[in-house]
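Enquirer: With chain V fixed as given, assemble chain A onto it according to the hints.
Residue numbers (the numbering used here), protein chains in the order written: chain V, 1 to 243; chain A, 1 to 243.
A portion of the hints provided could be inaccurate.
Just so you know, same-sequence chains aren't split out, so a pair can sit in one copy or run between any two.
[Said to hold, decoys possible] Heads up, simulated BS3-like pairs for lysine-lysine below, C-alpha to C-alpha not over 25 Å straight-line:
| hint | residue 1 | residue 2 |
| --- | --- | --- |
| 1 | Lys169 | Lys235 |
| 2 | Lys220 | Lys235 |
| 3 | Lys169 | Lys220 |
| 4 | Lys235 | Lys92 |
| 5 | Lys169 | Lys92 |
| 6 | Lys230 | Lys220 |
Quick caveat, the hints were computed from the structure, so don't treat them as lab data. Remember, predicted model here, so these are calculated numbers, not experimental data.
2 protein chains.
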Amino acid sequence: MTYCVAMRLDAGLLFASDSRTNAGVDHIATFRKMNVFEAPGERLIVLLSAGNLATTQSVISLLRQRLEHEGEHLLNRRSMYDVAELVGRTVKEIVARDANSQSLGQGVDFGGNFIVGGQIRGEEPRLFHVYAQGNFIEACEDTPYFQIGESKYGKPIIDRVINTGTSLKEAAKCTLISFDSTIRSNLSVGLPIDMLLYRAHSFAPAAPHRVTADDPYFNKLRRGWGEGLKRVFAKLPDEDWFA
Amino acid sequence: MTYCVAMRLDAGLLFASDSRTNAGVDHIATFRKMNVFEAPGERLIVLLSAGNLATTQSVISLLRQRLEHEGEHLLNRRSMYDVAELVGRTVKEIVARDANSQSLGQGVDFGGNFIVGGQIRGEEPRLFHVYAQGNFIEACEDTPYFQIGESKYGKPIIDRVINTGTSLKEAAKCTLISFDSTIRSNLSVGLPIDMLLYRAHSFAPAAPHRVTADDPYFNKLRRGWGEGLKRVFAKLPDEDWFA
Chain V
1 MTYCVAMRLD AGLLFASDSR TNAGVDHIAT FRKMNVFEAP GERLIVLLSA GNLATTQSVI
61 SLLRQRLEHE GEHLLNRRSM YDVAELVGRT VKEIVARDAN SQSLGQGVDF GGNFIVGGQI
121 RGEEPRLFHV YAQGNFIEAC EDTPYFQIGE SKYGKPIIDR VINTGTSLKE AAKCTLISFD
181 STIRSNLSVG LPIDMLLYRA HSFAPAAPHR VTADDPYFNK LRRGWGEGLK RVFAKLPDED
241 WFA
Chain A
1 MTYCVAMRLD AGLLFASDSR TNAGVDHIAT FRKMNVFEAP GERLIVLLSA GNLATTQSVI
61 SLLRQRLEHE GEHLLNRRSM YDVAELVGRT VKEIVARDAN SQSLGQGVDF GGNFIVGGQI
121 RGEEPRLFHV YAQGNFIEAC EDTPYFQIGE SKYGKPIIDR VINTGTSLKE AAKCTLISFD
181 STIRSNLSVG LPIDMLLYRA HSFAPAAPHR VTADDPYFNK LRRGWGEGLK RVFAKLPDED
241 WFA
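Just chain V, same shape as in the assembly (with noise of 0.2 Å):
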């Protein structure tokens, strides 16, 4: 499995992945699970992927291949909508080769899901979930947060503390206590994990910072916020019907 959020915040955007994969649990590995597509000055474009592996590096594969070519690519569409248009119907375009290769698919699920965000010149920041399908939506205001992946356990304290109005340096604690939670409640979803951090209209060279098990913040952080939440529990009130 896989854990992945995005933000598009007032500040900026934000992206965070975790790098483990696994087809069943004998065959776990650590794969990059962001890219970065960026024309500093002009655009930042961020994929981050969750699915089949196959799948999703075949469709970041033949999108960097083709930045070198003639046509349509991520570097030279004019949207970000365009953009997440060009993901979804690359997915679409792996989908259809790899799944009827065969006579049969033989039950794999083919399928691969994309958070695409970034800014280029003249837009606003925008963030889009491109699904399977190909088709996708867009964050807004009443919804500025995607996930893809292992998305529940952590998704609780993201309801809680984040909206449009968060700082970037917020959105990126809560972020990695939204890790920590899941990477505590199930094995699929593992360390390290990248995070990306693009300040709204800066148009400057991005590249994730990678926190590891033994990142001395993330310690930090881990440790006081479970901590924290077991004297918030302590100090609540019993209550008489409990036997």
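Expert: Relative to the frame of chain V, chain A by itself:
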């Protein structure tokens, strides 16, 4: 969907269930998912159910109806293990009857899951998870709780707080917080919550307590927890590499 939790602690047993059922978002109803079978002084058995409502209701109805008849039933089986086996056998009976009554299952999932717990004089309190296939597992020292239904949102807090030494009061508090997180993040789980606490070896008559939307204690807890989380979150340190 549904959310049910049960715990087997040194102090006794805890059972909790929400009461929302839905077949699509336009067909939402309230059904009790907790059923108690008891012979005060001798045994207490509690069943929580999730899955196809027709299946789980039929299982409960048959188990109840058969209490009047000769043959094996919930109040004369010798151990909780035998009780779990009887529930599993009844699940298989209903699924076989309903799923095969049409030429096609029509894509319907007839499966139903049960949590079965209680105490029979001569045994310790025991807790089982009966799968839709009728087989079952028992809670142990290392894993003292089971969840069925929409379990992921509310799992992190249980993983952080619960072990077999937890008191019933603390466990009840933790369970209500786990329900709060689930209800906030998932529309298919809803109030009221039925909760039953059983002190080990008491064999006392047990009645579920119903927690409604205007329950003052539950509201105090939700507010205290939400505010406490925000306080802990606000106090956690920021880090330099955050943009």
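Enquirer: Have a look at Lys169 and Lys92 and pick one of within, between, both or neither, based on CA distance no larger than 25 Å.
Expert: neither (36 Å within a copy, 53 Å between copies)
Enquirer: When Cα atoms must be at most 25 Å apart, do Lys235 and Lys92 count as within-copy, between-copy, both, or neither?
Expert: neither (52 Å within a copy, 45 Å between copies)
Enquirer: Treating 25 Å as the Cα threshold, decide for Lys220 and Lys235: within, between, both or neither.
Expert: both (22 Å within a copy, 12 Å between copies)
Enquirer: For Lys230 vs Lys220, is the C-alpha pair at or below 25 Å within one copy, between two copies, both, or neither?
Expert: both (15 Å within a copy, 17 Å between copies)
Enquirer: With identical chains treated as interchangeable, where does the CA-CA distance between Lys169 and Lys235 reach 25 Å or less: within a copy, between copies, both, or neither?
Expert: Between copies only: 13 Å across, 28 Å inside.
Enquirer: What label fits Lys169 with Lys220 when the C-alpha limit is 25 Å: within, between, both, or neither?
Expert: For Lys169 and Lys220, only the intra-copy Cα distance (15 Å) is at most 25 Å; the inter-copy one is 30 Å.
The structure fails to meet hints 4, 5 from the earlier list, while all remaining hints are met.
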